[in-house]
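Protein chains: 2
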Amino acid sequence: MANIEEFRSYFGAGNHDAAPAVNAALAAAKVSGERRLVFPRARYDFWPDRASERYWFISNNDEGLKRVAFSLEEYENFEIDGQGSEFVFHGYVLPFTLQGCRNITLKNFSVDWARTFHSEAIVLAAREGSIDLEIPDQFPYKIEHDRLVFTGEGDVTYGIENMLEFDTEKRETAFGVFDNFGVCEWHKAEEIGPRQVRLHAKFSTLPTLGNTMVITDGKRLCPAITIDRSQHVTVQNVTLYHSGGMGLIAQHSADLNVSNVRVTARPGSGRMISLTADATHFVNCAGEITLEDCVFENQMDDATNVHGIYGRISAVLSPTEIEFELVHPQQRGMDIFAAGDPIEFVRHTTLETYHENTVSCVEGLNKQFTRLTLKSPLHPDAAVKDAVANLRWIPNFTARGNRSRGNRARGFLVTTGGRALIENNYFHIAGAAILIEGDANYWFESGAVKDVTIRGNSFDRCNYGVWGRATIEINGAIEPQYRGASMYHRNIRIENNIFMDFHGALLSAHCVDGLTFRGNTVHRSNDYPRRNKETQQIAVDFCLNTLMDDIANNSDSLGTRETAG
Amino acid sequence: MANIEEFRSYFGAGNHDAAPAVNAALAAAKVSGERRLVFPRARYDFWPDRASERYWFISNNDEGLKRVAFSLEEYENFEIDGQGSEFVFHGYVLPFTLQGCRNITLKNFSVDWARTFHSEAIVLAAREGSIDLEIPDQFPYKIEHDRLVFTGEGDVTYGIENMLEFDTEKRETAFGVFDNFGVCEWHKAEEIGPRQVRLHAKFSTLPTLGNTMVITDGKRLCPAITIDRSQHVTVQNVTLYHSGGMGLIAQHSADLNVSNVRVTARPGSGRMISLTADATHFVNCAGEITLEDCVFENQMDDATNVHGIYGRISAVLSPTEIEFELVHPQQRGMDIFAAGDPIEFVRHTTLETYHENTVSCVEGLNKQFTRLTLKSPLHPDAAVKDAVANLRWIPNFTARGNRSRGNRARGFLVTTGGRALIENNYFHIAGAAILIEGDANYWFESGAVKDVTIRGNSFDRCNYGVWGRATIEINGAIEPQYRGASMYHRNIRIENNIFMDFHGALLSAHCVDGLTFRGNTVHRSNDYPRRNKETQQIAVDFCLNTLMDDIANNSDSLGTRETAG
Numbered sequence: 035m036a037n038i039e040e041f042r043s044y045f046g047a048g049n050h051d052a053a054p055a056v057n058a059a060l061a062a063a064k065v066s067g068e069r070r071l072v073f074p075r076a077r078y079d080f081w082p083d084r085a086s087e088r089y090w091f092i093s094n095n096d097e098g099l100k101r102v103a104f105s106l107e108e109y110e111n112f113e114i115d116g117q118g119s120e121f122v123f124h125g126y127v128l129p130f131t132l133q134g135c136r137n138i139t140l141k142n143f144s145v146d147w148a149r150t151f152h153s154e155a156i157v158l159a160a161r162e163g164s165i166d167l168e169i170p171d172q173f174p175y176k177i178e179h180d181r182l183v184f185t186g187e188g189d190v191t192y193g194i195e196n197m198l199e200f201d202t203e204k205r206e207t208a209f210g211v212f213d214n215f216g217v218c219e220w221h222k223a224e225e226i227g228p229r230q231v232r233l234h235a236k237f238s239t240l241p242t243l244g245n246t247m248v249i250t251d252g253k254r255l256c257p258a259i260t261i262d263r264s265q266h267v268t269v270q271n272v273t274l275y276h277s278g279g280m281g282l283i284a285q286h287s288a289d290l291n292v293s294n295v296r297v298t299a300r301p302g303s304g305r306m307i308s309l310t311a312d313a314t315h316f317v318n319c320a321g322e323i324t325l326e327d328c329v330f331e332n333q334m335d336d337a338t339n340v341h342g343i344y345g346r347i348s349a350v351l352s353p354t355e356i357e358f359e360l361v362h363p364q365q366r367g368m369d370i371f372a373a374g375d376p377i378e379f380v381r382h383t384t385l386e387t388y389h390e391n392t393v394s395c396v397e398g399l400n401k402q403f404t405r406l407t408l409k410s411p412l413h414p415d416a417a418v419k420d421a422v423a424n425l426r427w428i429p430n431f432t433a434r435g436n437r438s439r440g441n442r443a444r445g446f447l448v449t450t451g452g453r454a455l456i457e458n459n460y461f462h463i464a465g466a467a468i469l470i471e472g473d474a475n476y477w478f479e480s481g482a483v484k485d486v487t488i489r490g491n492s493f494d495r496c497n498y499g500v501w502g503r504a505t506i507e508i509n510g511a512i513e514p515q516y517r518g519a520s521m522y523h524r525n526i527r528i529e530n531n532i533f534m535d536f537h538g539a540l541l542s543a544h545c546v547d548g549l550t551f552r553g554n555t556v557h558r559s560n561d562y563p564r565r566n567k568e569t570q571q572i573a574v575d576f577c578l579n580t581l582m583d584d585i586a587n588n589s590d591s592l593g594t595r596e597t598a599g
Numbered sequence: 035m036a037n038i039e040e041f042r043s044y045f046g047a048g049n050h051d052a053a054p055a056v057n058a059a060l061a062a063a064k065v066s067g068e069r070r071l072v073f074p075r076a077r078y079d080f081w082p083d084r085a086s087e088r089y090w091f092i093s094n095n096d097e098g099l100k101r102v103a104f105s106l107e108e109y110e111n112f113e114i115d116g117q118g119s120e121f122v123f124h125g126y127v128l129p130f131t132l133q134g135c136r137n138i139t140l141k142n143f144s145v146d147w148a149r150t151f152h153s154e155a156i157v158l159a160a161r162e163g164s165i166d167l168e169i170p171d172q173f174p175y176k177i178e179h180d181r182l183v184f185t186g187e188g189d190v191t192y193g194i195e196n197m198l199e200f201d202t203e204k205r206e207t208a209f210g211v212f213d214n215f216g217v218c219e220w221h222k223a224e225e226i227g228p229r230q231v232r233l234h235a236k237f238s239t240l241p242t243l244g245n246t247m248v249i250t251d252g253k254r255l256c257p258a259i260t261i262d263r264s265q266h267v268t269v270q271n272v273t274l275y276h277s278g279g280m281g282l283i284a285q286h287s288a289d290l291n292v293s294n295v296r297v298t299a300r301p302g303s304g305r306m307i308s309l310t311a312d313a314t315h316f317v318n319c320a321g322e323i324t325l326e327d328c329v330f331e332n333q334m335d336d337a338t339n340v341h342g343i344y345g346r347i348s349a350v351l352s353p354t355e356i357e358f359e360l361v362h363p364q365q366r367g368m369d370i371f372a373a374g375d376p377i378e379f380v381r382h383t384t385l386e387t388y389h390e391n392t393v394s395c396v397e398g399l400n401k402q403f404t405r406l407t408l409k410s411p412l413h414p415d416a417a418v419k420d421a422v423a424n425l426r427w428i429p430n431f432t433a434r435g436n437r438s439r440g441n442r443a444r445g446f447l448v449t450t451g452g453r454a455l456i457e458n459n460y461f462h463i464a465g466a467a468i469l470i471e472g473d474a475n476y477w478f479e480s481g482a483v484k485d486v487t488i489r490g491n492s493f494d495r496c497n498y499g500v501w502g503r504a505t506i507e508i509n510g511a512i513e514p515q516y517r518g519a520s521m522y523h524r525n526i527r528i529e530n531n532i533f534m535d536f537h538g539a540l541l542s543a544h545c546v547d548g549l550t551f552r553g554n555t556v557h558r559s560n561d562y563p564r565r566n567k568e569t570q571q572i573a574v575d576f577c578l579n580t581l582m583d584d585i586a587n588n589s590d591s592l593g594t595r596e597t598a599g
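One line per chain: the protein sequences are A and B, in this order.
Numbering follows this note's numbering, with no gaps: position 493 of the first sequence is 527.
Numbering follows this note's numbering, with no gaps: position 166 of the second sequence is 200.
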């Protein structure tokens, strides 16, 4: 066992930068075959200056040349135990990256930043055309060229892309508000008092006095934990108070256990927001992915998203050769195929798989375009714009005992062809609590589900925000005219859940073969305005083999008990 | 011999993109050991889409993940012959990169862009607080959020960092004007007529009606020819009409012959500017660097610059270990030392070398910081802020028969410890025609010269701009209080040149041991206003062993003949 204290001489003298000590400790551990690195319980600070460096493509975050504090490349059988320590980061540095690792455990620490990547401000006044904000000391800023610019350590500044209103009391996105992309970046700002700024801009909704405007950068440059091409990774008893990107992002990795991970705004920090993107996200993973007993709250995007990547065919070069493009900028640089991988061809209109084959040769032109040679001749209808996906990287997914609330957007996005079990979780989510999607035209997130069980969960007043049409949404991106021809998803069972509901839209689904909704209990809440009395509780179109409790837009027929709001 | 026509099937179908064909041809040549790739004389277009990709650190340009049309990695004995072809590039793509190559010839082609990285506009009116501009069709733009934004193919936009006034008739920077950094980026723009824009901004000098404002991006992302860690490279009979960065940049390379290379605005294009940075630039090179019979005109920075890199000591770790930093952002990522390299330690105040040693081990932390272990104990005075430089990468430099004119900034910057010969060149330069500098506090460009001959050149009315204090300037960056203690440069001979002069400042020098100025002829011109009657023709301070024609601030004593202006 190695102790970081043995590397005390590597700490930066002036600023106590722990990054060089961690580098030295990790290098020594690799040489000696050490299996653990422990930290005496304390606060450790990390700056980018002397951190290691690598160009990272991180799916659904932003690529770039990154500084990394804990950079694990090709480690096996290794554990990092913070023993309750606080790891505090400064500026543009990634806390943890794993690349080509096996049997790794990260546990018992918290991650925070000395200055967050996002900023917050309290609404003092709002009128058509301008709002007045008070900006707490912890979010330093300047007015430069009539623009509001947030500042950090040294000469670091933070971009402004979105402003979103949060209900300060409820600690969640304000009821029914939309994002305000670009509002702050392009409009005139003026100082009107000490730490008070008037912003001349048109907001999608006039914010409520006292509410909190959360201001975020467009970039996701510093996710907290990045796992790439690794296997058997456990992240346990870790608290992520903040990151400039996702909390945990895994790609092309297998057998990942995430338990007792808490994404939350630091208590006593006075902050509304925890981290600036999804709490967790799994792209082209395999094996067993497990989320257990976690808390995902107040982050600026979904609680989790499990999906693959569709490449878009850009050319059919010969009967056995195609070129495809990774279209979504944050998916570029992912090598989604290797020789020997099974590949499916998916019609971009219906999302139906019309051909399967095996990759025999991969030639990457650049992060965007790749050429593939296939073992057998292509289907004669294989066409430009259709999608290809890898059938090897499809995980099973279990989410059990997690608590998700207060974040922007959705809860769990589950788009995996493996077995998915979502059990005994609590959701209080602004958008859909569970979304099963898949699309080959915009996000390019694959693929069709085959076996999903959603049971024993508590859906507590979801959809108080704008991100979704029902508490559970099964929404493969198939244009209406193609829905009759497609059974994209299969075998989804929604059973024995409790819905505390104020809007009446429990389930929206289309293009599913095998959809069960039964044994669920619905309570009525009056905590939020009902949006639309015409809402269908169960809106199911173009589905086959459905098995439902007697629905008929009548809450009683679902065994609903009326409860006080 | 391979012919690009053999790879016709690889050309992009819709847009005739030659990049995939070049990739295929280069790959095939490597496999077959082919020694030449020829292009039937024609126009070939290159887009970034399917070009190869690599993260490039390019000294004095901007690093990044680059698309490259002709990417040569580890090629030997290979020639690319354009046979007079035009290579036309679109967007962010680098024409040529060489990495780890030997015996390479590039010849007989021109390089241009379909849409230049810079833009130009004619001054229609100018008043305190605003100017009106007419923007030719070839520089598309839009007004967005009250800002002027230049646009290109697809959704490409170009940043605006600097505006500089050029004399439309003389085709050179307007007399005595300064750069206008940030003016355009931050000030209000409005459309006042078809392709006419009013820019509300304060300019350093009110521009003259009819003159050309040249608007450039702050980034140098796409130099035309990049040569890294390569030997014996010839670039011959090549015309560079444009690039988004330098024309030719070589680093850690040896024995480079550049002959008949013409940097010039494309005739008939209606453009004032050729390329957007230095015409040529050589960093930490070795062997023989030769520039012969070239034309360098109307580019936005110096004609050439030959120098090394100083690292700044950031920590003395032990009697045999230091850490140093690459301070200038455009030098970061250069691995300036390898094990076995001779190293000098330079006092940052006096620039004097006070210690030499040998590197035994190099540990790069990231692009910015590196740790070195040295063979022998350090000098006891080795201190933080002092500089280190590599004594292995020092080239001889010959510039003969070149013609430099009309560009922004300076002519030849020669800061090499090798033998330098600048002979029979023509200069009509806005700043200093020849600058011998070196500094360890801002640009970090090493090092001391030891043997420079400047003879038979024609200096035609230089210093009509603001970039320099004399036609030949020897200006090691040593603060005045340290100059008495330092003889940084040595053995500089300026002989038998012709000066056509209007301002009276022929030579400014300090801290030189061995400075000869003799046999030079001075003609007087009245083409430009004289700037200062008090100017010394020869201003020499803190020099030893000077040998001058009888100078005494009297042009006659230099054998000056008065000529009509």
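One thing to keep in mind: the hints can contain errors.
Which copy? The list can't say, so a pair holds if one copy fits it or any two copies do.
[As the list claims (entries may be wrong)] Subject to a maximum C-alpha distance of 25 Å in a straight line, what follows is the list of computed BS3-like cross-link-like pairs (lysine-lysine):
1. Lys401 / Lys64
2. Lys409 / Lys419
3. Lys141 / Lys204
4. Lys253 / Lys236
No lab work stands behind these hints: they were computed from the structure.
Now for the hints, and whether the structure bears them out:
Taking CA atoms no more than 25 Å apart as the test, Lys401 paired with Lys64 passes between copies only; the shortest distance there is 23 Å, against 31 Å inside one copy. In this assembly of identical chains, Lys409 and Lys419 lie within 25 Å of each other by CA distance solely inside one copy; the values are 21 Å within and 61 Å between copies. Taking the shortest Cα distances, Lys141 and Lys204 never come within 25 Å of each other, neither inside one copy (31 Å) nor across copies (70 Å). Proximity of Lys253 to Lys236 under the C-alpha cut-off of 25 Å is restricted to the intra-copy arrangement: shortest distance 23 Å within a copy versus 33 Å between copies.
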